[in-house]
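The sequence shown runs 28 to 160 under this note's numbering.
Simulated from the structure, these hints should not be mistaken for laboratory data. Ideal Cβ placement from N, Cα and C applies to all residues, glycine included. Treat the hints with caution; some may be incorrect.
Now the in silico label distances, taken between C-beta atoms and shown as ranges [as the list claims (entries may be wrong)]: (1) Arg38 to Phe92: 34 to 42 Å; (2) Arg34 to Ala72: 43 to 51 Å; (3) Leu86 to Gly56: 36 to 44 Å; (4) Ala141 to Val109: 42 to 50 Å; (5) Ala48 to Arg98: 50 to 58 Å; (6) Val109 to Ser76: 26 to 34 Å; (7) Arg34 to Lys146: 22 to 30 Å.
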Amino acid sequence: MALQRLRRLERVREVAKQTAAMQAAQAEGTLGQLTRLRDRTRAMAASYSPAPQMEGGDLRRMQAFVEGIGRLSGQTEQDIGVARSRADALRGDLAVAERRLTMASERAAACRKALLQEKPADAPARRRNWHDT
28 MALQRLRRLE
38 RVREVAKQTA
48 AMQAAQAEGT
58 LGQLTRLRDR
68 TRAMAASYSP
78 APQMEGGDLR
88 RMQAFVEGIG
98 RLSGQTEQDI
108 GVARSRADAL
118 RGDLAVAERR
128 LTMASERAAA
138 CRKALLQEKP
148 ADAPARRRNW
158 HDT
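Put together the whole structure using the sequences plus the hints.
Below, the structure is given as structure tokens:
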């Protein structure tokens, strides 16, 4: 009975570990996407430089556009910080889930080993009277 309970606990811990791994992978993916977005917006902002023939109105519009891209880049940087914190937390959750699974597996293995080493109790000899049936 105890072994069955430990096996169920082990399966529950395995599912929890898989869920934590999936969430951590999604968080890492989001962090990667945000990092690429930040790099692209920075490169885009850096590529805009005023042409020598530009005049006042054109320069103001281009400057406003570049400032808008800069704000997007700044917001993306903040989002990266949040995503990095979330990814770190989920990596920690994954490590905890792995430790719990390991402990449950070890307890189940120890229980199995104890059950195998356990000697069955000696049954008292039964006297059968085969002659008076």
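Each hint, compared with the structure:
{"no.": "1", "hint": "Arg38 to Phe92: 34 to 42 Å", "result": "violated (56 Å)"}
{"no.": "2", "hint": "Arg34 to Ala72: 43 to 51 Å", "result": "violated (58 Å)"}
{"no.": "3", "hint": "Leu86 to Gly56: 36 to 44 Å", "result": "holds (40 Å)"}
{"no.": "4", "hint": "Ala141 to Val109: 42 to 50 Å", "result": "holds (48 Å)"}
{"no.": "5", "hint": "Ala48 to Arg98: 50 to 58 Å", "result": "violated (36 Å)"}
{"no.": "6", "hint": "Val109 to Ser76: 26 to 34 Å", "result": "holds (32 Å)"}
{"no.": "7", "hint": "Arg34 to Lys146: 22 to 30 Å", "result": "holds (23 Å)"}
In summary, the structure is inconsistent with hints 1, 2 and 5 from the numbered list given earlier, while agreeing with the others.
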